[in-house]
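Student: Here is what each chain is made of, one letter per residue.
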Amino acid sequence: MSVLAARDLVIDVPGRQSGQVLNLAVEPGQVWGVLGPNGAGKTTLLHTLAGLHPPRAGSVILDETPLARLRRRRIAQRLGVVFQERVDGFPATVEETAMLGRHPYLSYWQRESAEDMRRVQAALERLDVAHLRQRPVGTLSGGERQRVAIATLLTQDPAVWLVDEPTNHLDLHHQSAVMALMREQAAAGRALMLCLHDLNLAARWCSHVLLLYPSGEACWGAAQNMLVPDALERLYRQRLRVVEVDGAPVFVPVNG
Amino acid sequence: MRDMRLQAFVPLGLLALGALAALGVSLGVGSASIPLDRLWAIALGEGDGLARTMVLELRLPRALSAFAVGGLLAVAGALMQVLLRNPLADPYVLGISGGAAMGALGAMMLGLGGMLASTSAFGGALFSTLLVFGLAHGRGGWAPTRLLLTGIVVASGWGAMITLMLAMTPAERLPGMLYWLMGDLSYAREPGLPLALLALTCIGLLPLGRSLNVLARGPRQAAALGVDARLLEWGIYAIASLLTAVAVATAGSIGFVGLVVPHMLRLVLGNDQRIALPACALAGGTLLLLADTLARTVIAPEQLPVGVITALLGVPTFLFLLYRSGP
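In order, the protein sequences belong to chains A and B.
The numbering of the first sequence is full-length UniProt numbering, which starts it at 1 and goes up by one.
The numbering of the second sequence is full-length UniProt numbering, which starts it at 1 and goes up by one.
Just so you know, the hints here were simulated from the structure itself, not pulled from any lab data.
Quick caveat, the model's predicted, so the values are computed rather than measured.
From the derived model, a few chain A residues whose C-beta atoms are all more than 12 Å from chain B:
#1 G15
#2 V21
#3 N23
#4 H174
#5 S176
#6 Q185
#7 G216
#8 G221
#9 R237
#10 G247
So the derived label-pair ranges between C-beta atoms look like this:
#11 B:L130 with A:N200: 52 to 58 Å
#12 B:F127 with A:N200: 56 to 62 Å
#13 A:Q110 with B:G157: 44 to 50 Å
#14 B:G114 with A:R135: 50 to 56 Å
#15 B:Y323 with A:G142: 26 to 32 Å
#16 A:N225 with B:R146: 43 to 49 Å
From the three backbone atoms N, C-alpha and C, an ideal C-beta is built for every residue, glycine too.
Required output: the full structure, derived from the provided sequences and hints.
Tutor: Right, dumping it as structure tokens:
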């Protein structure tokens with residue numbers, strides 16, 4: 001049973017005449033990677049699936065109910081997003097930022113409980129940023145801020161994770177750690193959709209892949225069926241060589 | 001959690017005590033000083049006639065008006081800063097006070113005063129708010145920079161028209177208009193409405209505090225965390241405009257309170273709106289109450305416009321805090 005589905009969905013990318021109709025279902029335990037060149041509409045797709053950007057046609061279904069019929073609070077209890085850019089209007093600490101993840105679950109008059117605090121602490125430790133707890137977010141490095149954003153989503157603990165470039169700004173070690181966290185979440189029954197730029201991360205960590213072309217065309221399916229050199233070369237208009245490392249394909253761009 | 005409650009109540013308690021102390025000072029000093037024990041006697045319903053009349057009928061309404069106006073301006077400033085995610089936003093910068101001034105001075109130029117001038121100021125403030133926010137509201141929401149720019153341009157437009165009006169006004173009407181422009185509480189005799197509005201706003205905003213914290217991260221992030229951002233933004237905008245309009249209609253245009261008070265509190269107390277908004281109400285009220293007390297006593301029996309005092313106190317304090325908190 002799918003937890004998130006696109007039904008006859010056409011995403012609204014400015015300046016694009018038409019787009020392919022998307023009919024796909026994301027199930028618990030799956031990790032979807034969205035691949036495509038710059039401007040193909042990966043972020044727009046993610047925002048549309050989160051109900052933050054109106055589609056041109058069709059609908060997004062969360063737990064069998066169209067998103068448009070759900071209140072934002074109810075959506076946020078089931079579906080969480082990590083954005084590519086972050087706004088910080090006013091200084092806030094790492095801990096306060098991660099605590100925002102509990103907002104969907106607290107009523108108007110409720111204050112954060114010790115249990116909420118414990119979840120924040122656990123998330124910060126999991127993302128290796130617990131030592132920065134009292135630091136203002138604005139003083140952190142790009143990679144540290146990315147980890148705080150993922151920790152906020154972990155604190156929110158939704159059934160559906162939509163993450164725009166999870167490994168942005170991260171060093172190699174934390175790239176692996178974050179991708180391992182994503183797979184761990186999938187194993188725990190969450191459904192994940194990640195916009196990725198790195199083919200090799202998709203090959204190593206994703207169960208399903210959606211290829212999004214600048215023309216608006218799209219195709220999707222199990223990762224091993226989608227990650228074939230022909231399709232990928234056409235997607236990026238870049239020649240690739242494939243080598244095998246530990247049984248997994250590794251794609252290397254080559255000249256010519 | 002107990003320690004979080006404590007964190008919230010200690011600063012608010014201190015600020016409330018400060019407000020009470022300021023009220024005591026303001027009622028006690030003036031053309032005739034009244035010591036604390038006699039103030040207490042008057043509060044209990046005793047005391048002699050003259051002092052009683054002076055405290056209850058002259059000083060108390062003015063003091064309460066000053067407190068209410070200060071609180072309203074500070075809360076309005078804090079709300080606009082959250083809305084625009086910019087510490088520069090305040091009713092002054094956004095041109096709302098300018099619109100109010102146009103309304104009031106227009107009425108005064110025609111020889112209308114008192115209630116009519118206040119009503120006209122209220123109308124001017126609302127008109128200017130609609131103008132600025134309407135012009136700046138593009139597709140999909142308010143871009144903070146665009147809104148600030150629109151506000152600044154509209155404010156300078158009002159400034160030019162005010163200067164033009166002053167130049168055309170007969171000399172005998174000028175002093176009243178100038179005092180109004182710099183803020184003047186000497187005609188504020190009805191503290192009921194502004195005080196009630198301030199209390200209602202603070203209570204009404206209490207449950208929204210956490211949503212405002214989320215909104216400070218931008219409307220998209222707020223929506224992703226379950227906040228109906230569009231509705232909340234319009235709500236804040238309406239409330240902030242109403243607070244400003246009532247404040248300027250009561251006491252003329254008083255600058256700096258809406259800008260300086262939220263900023264100072266933010267540097268000391270942090271950015272949790274659940275604490276910051278009530279703290280703004282108390283601190284803004286206290287500041288304006290003290291400033292007004294100074295304004296009517298420094299060169300007594302002459303009175304200074306209270307806006308001059310708030311600016312003279314506000315500018316150095318603000319610069320000092322900003323300098324000290326610098327990176």
